[in-house]
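All chains, please: the whole structure from these sequences, using the hints.
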Amino acid sequence: MLGRKQNQINFSNLETWCNKPLVPEDSFYGLLARFGDRLVEDDDFAELYAGIGRPSNSPALLAKVLLLMYHDDVSDREAEQRARYDLRWKHALNLGLDETGFDHTALCRFRSGLLIHDKQRLVFERFIALAQEAKILKTTGATHIIDSTYVLGAGAVQDTYNLIKSAVQRVLRVTRRNPKLNARLKGVLDPEINYEKPGKPKINWDDPQEKKQLLTKLVRDAQSVQEILTAAGEELSQAETQATELLRAVTLQDVKENEDGTYEIKKGTAHDRIVSTTDPEMRHVHKSARTFEGHKVQVVADKDTGIITNVAVTAGNAHDSMALPTAVTEQSIKPAVVMGDTAYGATNVRKDMTAEKIELIAPAPPAPKRENRFSKEDFNVDLETMTCTCPAGHTTKKYRSKQRLFLFDKRICNTCPLRDQCTKHGQGRTVRLHEEEAILQEARRQQKTDSFKQVYRFRSLVERDIAEMVFHGARQARYIGRVKTQLQMLFTAVVVNLKALRRFFSRNDGERNDDCCKGVSVSLGLI
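Just so we're aligned, residue 195 is where the sequence shown starts under our numbering, counting upward by one.
Watch out, some of these pointers could steer you wrong.
[What the hints assert, rightly or not] Label-pair ranges, simulated between beta-carbon atoms: (1) 433 x 481: 29 to 39 Å; (2) 599 x 429: 48 to 58 Å; (3) 326 x 624: 47 to 57 Å; (4) 218 x 334: 30 to 40 Å; (5) 241 x 267: 24 to 34 Å; (6) 523 x 569: 31 to 41 Å; (7) 583 x 630: 19 to 29 Å; (8) 604 x 478: 33 to 43 Å.
[As the list claims (entries may be wrong)] Derived lysine-lysine pairs resembling PhoX-like cross-links, with alpha carbons at most 25 Å apart: (9) 391 x 411; (10) 618 x 592; (11) 329 x 497; (12) 618 x 604; (13) 592 x 570; (14) 391 x 380.
Read the hints as simulated data drawn from the structure, not as lab findings.
A virtual CB, placed ideally from N, CA and C, is assigned to each residue, including glycine.
So this is what it looks like as structure tokens:
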């Protein structure tokens, strides 16, 4: 049953005994104490609770606890302790000195309820709505900036041996309720591999032959298990089906079969490779010339205020350009302009933004270039006359439309003084056009203008919000899976946005911005 927080002042409240607040009003704890009741209410979560039974903890209180927990980057158990003993938390939550607050297990149940009832965005969207009402955020004509950063996954990163073994173990766990099926599965497994214990079998890991033999046994066990599960077909439960699909995915993603029927690790990394069975949604993340295992978070922020207007957790190996259209259009505020770095400047993004009537300010991806060779950008491609002029001034009209390819005469190229910077001896230079070459040319023309450079210098402002989120724990996922990680990022973004309110209550050029403060206060119900 829905529980409610009683906000009546009593003798155990701090304010009863102090002439002035012990916690600074412009601190995060003070801001949450002042704005929290407007930001979240118990009735917002009524559908999470039954109409009968023992009253629950106040859901509004638990939502504020989540904000405090992500702000201080503490665990559920530590959050319980701070609500009981930390005066800053008691002030923010309006708890009396004698109030214990809540049990830490209530936070896990509350988060699950938010996800089940699709309420994870409620607090974030409420802040955005209040910011619009207070005229902090523009409702039309806004410029938003987008960028991404990596989030380390909460699952254990595993090698191929552990991946296959743990995937088999997962199948055995989910089939325990079906004793006959479980017994059949155990009957086909190699007795030398103990699937009852975690970790890799004890072998000489410096011996390539022993490693090869172990891998062969693991793959064959996995294939035998898959055959039995496939034969069961529709009799499998949802959990058993998911475990089967995971096993099938990890079994052969890293291995190759030899002519003698044995298996060994193949070179290279499989596309969309699963790196963990504890969190199958984790992927390799390539960021800043380094590789991580986890996810990406896309952060969209308002250029004028720095307030985060949206966050979206995406696959770690997904290109940023794939995430921009959804991250921008699912917001309650539709911007007039979106700004991003080169990763967001792909032609598909430009077409999507044009369809949404949103201007995109982002450099076009550079053309591929071999070392010490001219790239396509060094050539003048005229799409109206369908001619291509090289850096040496030679022009060709020879064009193969099916291949979208301009060809230069090799006789001219071989005698050209710039040949060594352009092509190999005995070959004529070729220039391949993009499917959307006209869009790319227009983008590259615009990014060279002074007006583009003047606006684009503000792109880095979103990095401040990202750094602030990372400071509050966004670098490490707390939970398994992207859906739960999304909840973490949404509440962390609210933390950053609440802290941004300080700017609207601070001095502006030496004078207090009273008009802005009054507008914010009226909107948030303070006056």
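Comparing the hints with the structure gives:
Range check, residue 433 to residue 481: about 33 Å between beta-carbon atoms, so the 29 to 39 Å window is met. Restraint check, residue 599 to residue 429: a C-beta distance of roughly 55 Å satisfies the suggested window 48 to 58 Å. Distance hint for residue 326 and residue 624: a CB-CB separation of about 53 Å, consistent with the stated range 47 to 57 Å. Residue 218 and residue 334 have their C-beta atoms about 36 Å apart, which keeps the hinted 30 to 40 Å range intact.
The hinted window of 24 to 34 Å between residue 241 and residue 267 holds, with their beta carbons roughly 30 Å apart. Remark: the range hint 31 to 41 Å for residue 523 to residue 569 is upheld by a beta-carbon distance near 33 Å. Checked against the given bound of 19 to 29 Å, the beta carbons of residue 583 and residue 630, roughly 21 Å apart, stay inside it. Separated by about 41 Å at the C-beta atoms, residue 604 and residue 478 satisfy the suggested range of 33 to 43 Å.
A C-alpha spacing of about 16 Å is found between residue 391 and residue 411, which places the hinted pair at or below 25 Å, so the restraint holds. For the hint linking residue 618 to residue 592, the alpha-carbon distance of about 19 Å falls within 25 Å, and the restraint holds. For the hint linking residue 329 to residue 497, the alpha-carbon distance of about 15 Å falls within 25 Å, and the restraint holds. Note on residue 618 and residue 604: the hinted pairing holds, with a Cα-Cα distance of about 10 Å set against a maximum of 25 Å.
Pair hint residue 592 plus residue 570 holds up; C-alpha atoms about 16 Å apart against a cutoff of 25 Å. Restraint check: the Cα-Cα separation between residue 391 and residue 380 comes to about 14 Å, which is no more than 25 Å; the hinted pair holds.
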